[in-house]
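Required output: the full structure, derived from the provided sequences and hints.
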Amino acid sequence: MSAEVRHMKTAAELALAETYAAAKQKLPGKGPLAVLREDAFRHFEAQGLPHRRVEEWKYTDLRALMRDLKPLASPPDASAKARAKTAGKIIGDVECRRLMFVDGAFASELSDVTPETGLAIASMNQALAKGDALVGTHVGKVIESKDAAVALNTALMGDGAVIRIAAGASIARPLHLIFVATGGKPASMFTRSLIVIEKGARAMLIESHEYAGAGSGDYQVNAALELVVGDEAHVDHVKIIAEGAGALHVSSLMASIGARARYNDFSFSIGGAVVRNQLFLRFDGEDTVAGIRGVCLLKGRQHADTTLVLDHSAKGCQSRELFKSVLDGESRGIFQGKIIVRPHAQKTDGKMMTQALLLSDTAEADNKPELEIFADDVQCGHGATAGALDEDLLFYLKARGIPPKEAEALLIQAFIGEAVEGIEHAGLREVLMEAAVAWLKARA
Amino acid sequence: MPAVQETVDQVRLIDVDQYKYGFVTDIESEKAPKGLSEDTVRFISAKKNEPAWMLDWRLEAYRRWLTMREPVWARVDYPKIDYQDYYYYAAPKRNALASLDEVDPEILKTYEKLGIPLREQEMLAGVVRPEGERRIAVDAVFDSVSVATTFKEELKKSGVIFMPISEALREHPDMVKKYLGTVVPVTDNFFATLNSAVFSDGSFVYVPPGVRCPMELSTYFRMNEKNTGQFERTLIIADKGSYVSYLEGCTAPMRDENQLHAAVVELVALDDAEIKYSTVQNWYPGDANGKGGIYNFVTKRGDCRGDRSKISWTQVETGSAITWKYPSCILRGDNSQGEFYSIAISNGRQQVDSGTKMLHLGKNTSSRIISKGIAAGRSNNTYRGLVSAHRKAAGARNFTNCDSLLIGDKCGAHTVPYIEAKNASAVFEHEATTSKISEDMLFYCRQRGMSAEEAVALVVNGFVKDVLQQLPMEFAVEAQKLISISLEGSVG
Amino acid sequence: MALLEVKNLHVEIGGKKILNGLDLTVEKGTVHAIMGPNGSGKSTLAYVLAGKAGYEVTEGQILFDGEDVLAMAPDERAAKGIFLAFQYPMEIPGVATMTFLRTALNAQRKRRGEAEFSTPDFMKRVRDTAGHLGIEQDMLRRAVNVGFSGGEKKRNEILQMAMLEPRLAVLDETDSGLDIDALKIVADGVNRLRSPERSMIVITHYQRLLDYIVPDVVHVLSKGRVVKTGGKELALELEAKGYAEFADEAA
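Protein chains in written order, with our numbering: chain G, 896 to 1339; chain W, 375 to 866; chain E, 61 to 311.
To be clear, the hints were calculated from the coordinates, so they are not data collected in a lab. Among these hints, one or two may not hold up.
Straight line, CA to CA, 27 angstroms or less: simulated DSSO-like cross-link-like pairs of lysine-lysine [stated by the list, open to error]:
#1 W/K552 - W/K526
#2 E/K184 - W/K855
#3 G/K1246 - W/K731
#4 G/K1036 - G/K1025
#5 E/K77 - G/K1242
#6 W/K855 - E/K170
#7 G/K976 - G/K1025
#8 G/K1036 - G/K1080
#9 G/K953 - G/K1194
#10 G/K953 - W/K731
#11 E/K67 - E/K283
#12 G/K1094 - G/K921
#13 W/K766 - G/K953
#14 W/K454 - G/K1041
#15 G/K1246 - W/K784
#16 E/K67 - E/K77
#17 W/K731 - W/K839
#18 E/K140 - E/K213
#19 G/K1094 - G/K953
#20 G/K953 - G/K904
#21 G/K1194 - W/K766
#22 W/K531 - W/K408
#23 G/K1210 - E/K170
#24 W/K839 - E/K184
#25 G/K1025 - G/K1094
#26 E/K77 - G/K1210
#27 G/K984 - G/K1336
#28 E/K170 - W/K839
#29 W/K737 - G/K1194
#30 E/K140 - E/K67
#31 W/K784 - G/K1242
#32 G/K1246 - W/K839
#33 W/K530 - W/K614
#34 E/K76 - G/K1242
#35 G/K1194 - G/K1080
#36 W/K530 - G/K1300
#37 G/K1210 - G/K1036
#38 E/K213 - W/K839
#39 W/K784 - G/K1210
Keep in mind the model is a prediction, meaning the values are calculated, not measured.
This is the structure in structure tokens:
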């Protein structure tokens, strides 16, 4: 009885409906793309903002956490672009091809768009407006998601990157997609990117979400990336979430991975008031090897939720997942990870580990590692631990003369180091460890 | 590979129609009119000569139930239940008995077939009894009514109260009133609320302070009547420093229709008390096509209310078409302990969604979960569990291990644990694996002369050993046989 | 009549030819050694005799006591008296060695129409046999091969062989992974089981084992066929010259 009664729409839901109605004529893309938007919005509207009774969002009640909707970001002006220049520092001097998205819009003048064989870069806004074929083929189709946040992104997607890496190409420099909020005024950004990496190509993608304004930042991000990894391709994807302290960040990765590919994913979540990092990955070809890892460092009243759905749809794939969270203050760290093994995905080898380290009595760790298995010839497992630092180890270090805070820092570094080691790029590994060390120092 | 195929075929051949306990007892029974209404609730309460407060309690539950909806979050799928199509009360006629001799011989025969030593005299005589076998006091529940409780007098000497709950309501109303619904509140969930409204019988146990119950207590539930729902209610209170081990067994004859079972079990352990609750459930699972079988929606919860108290659940679930069951522990007392040991086997078209909740509220509480799921045929077998430590539960500890085994490629095994730590000093460890029986292992056994069925049974019994060990001896042997029966079928 | 006759045996695994027309005759009461380099098909022969899945016989025959065993399930062959001591014995968690032995023994007896052993009879038998092999009672209570050392696993195989009393025992690289002391214990156990009623096939890569289990006949296997047969001195010759020379003969 009660569940059939539709809830009252929240202020944010009402604002979303109004915003969409007002913006839909102006948003890029016609014909099938406009239909895609419309369907997505109807789908969203039917369910509303996800709340705690929606199993997948059990621990991140967006209806409660998203009180209002900030106005859609306006195109960046000169001062916004000036502020944006400082973004991307988080990866230090790792040499990359920078692609800058300021307040949700592609800033070509701040980006490196020099031509390179096998690499094609365009802006999503233009690609949508032109009815680009690649976009028509893939956008909204890589992983069919019923998720409300993804639907909202599809309905309101503005700009983002469209990248195609040709078969067999090897892109030397990592591609660094920098999504920066400049904080001129309260804003919401809906970016959508599509990256297609063809057969046998090699590429490294870094995606960072940052804040370059004053104060904590009063903005909302809903970013989505659709990634197609071709057969035998070798791809690294690193996502850094370092939003302003006041930001609400929801991002979704939807990846389809081909046969005999190597895929390596890393999420580093360090900034933002509320962060929901969603990864939907599907193995569509046989004998692929993937490593999916992440580190989450939270303090104060931060809330970060990493939700991973890993769909073994093809035979003989191997996946390793390792997620670590360090929780201080009154923060709340959530990890939900589901491994699905379809009936025909025999010989699947999937292992998932999630570990939470609680540094304070008021922090909270919620873990939900799930296995959903329909094939019999598989080896799957998961592990989860939650707890404080090992007292015996701490004592051992202190007995060797290491001050308590340093001893703690050492152990925490070792704890997250296990996951960071999974990143193939040595330089990136170092800068992220440095960022973690800086976080630890700030804590002391 | 032939051996793989063989294993699959063997499992496919499993004939659930060979359900060993599928016989119907031909006795006359007295039923409440079909369907559920306030009148049904009043009818049941009147039949039991209950005090007025009990009727009010039931009616409140009934009214509440009308506003509730069936939960849908479990991974079970079944046609909509028409709650008006069941009988909510069925009793064998002539149920006012002065002694065991008056129990309908047909009923006694049924229990004999089930292997329950109901006749106190026989048990006391101890005919051909292996050395050291413990004696078990049995409360047998036939459809809705408790027909006989053995060893009552002997238990009375030690101060242990063991009787049908309907009788306890008359003889110890204050005690029932004090504890009933305090672990599983009337409004807890759809099925528990339904049970609160219409439960007809069940067992009541009270173990006084410092008493170690001199024997195992046991209930055997049997559903016999067509289209009856069985809603038993069990309430066990272990007073300070006491100990009791309780066994529960369930069977039902083969029926095409799905029979509904929604039990509630409440356990209360006060300071330093320990309750060990073991279940072997082999209700009729339905036929190979999923026709018939029991819908088993059970709410079992133990409250470690006192400091240093301990509640341990052990279950062997092999029957029922649908199993929806999460025996849980509320670890309220400081230093209290909760345990959950489970074997869940699904075959044919069975659907199991079972697990536990360990709620750590007190300081230095610990819990342990060992779950072994085996899925075969076209069944789905889900472990669902929650471990949580609240803010004040300093020093909470949990260890969870859940392993699943798949036999054949038409079944599914799922693991859904929720692990929630709100306390830095909590230490939670969880591990889960899913795999199949290794063909190499089966070949090794067969090379030594075992048939495919024997090899599978042996390997599965090895897989579940950690849990079997938790069962009292007599039950462990029975459970082991049951596991073989549930998996073999094609033998002979 | 010979106890075992393998005639022109051709075997493939996943389309790959492993045995190429192997012939082998084992008389009652004799001990045959089969030697050969890695990949010559030694273990394949052992598995095919025992009936492991995945080994496809494309041609040829295996007759045991005149009966065609190829159509028989592994447990049927075991009941007929074919025993394979595995090179890598399987671990079976949760199943006590004692339980495993009793289940196996009674399954075979049942199949042969013999009475099952009562628990006391079985216990006495297993204790006596284990005693001869220097196997502790504790090992019998532990789960089959779980946490056993290499030597313990091999001794456990010999214990099973002693309990099951096969007519043909196939020992697949029983010496692998054993130090000299463990090897002696195992060989001693095997020698005790030699009898006019029991034949054995000892598969090994090295001559060393044959110092302790002295064979009546030695066969050299290469590329899936028997390329040379001789007396026990053949093993020494092989040790001195190496396999290369014999491999040529097969070509």
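* To do: Determine which of the earlier numbered hints do not hold for this structure and return their numbers in increasing order.
  => Result: hints 8, 12, 19, 22, 23 and 36 break, sorted rising.
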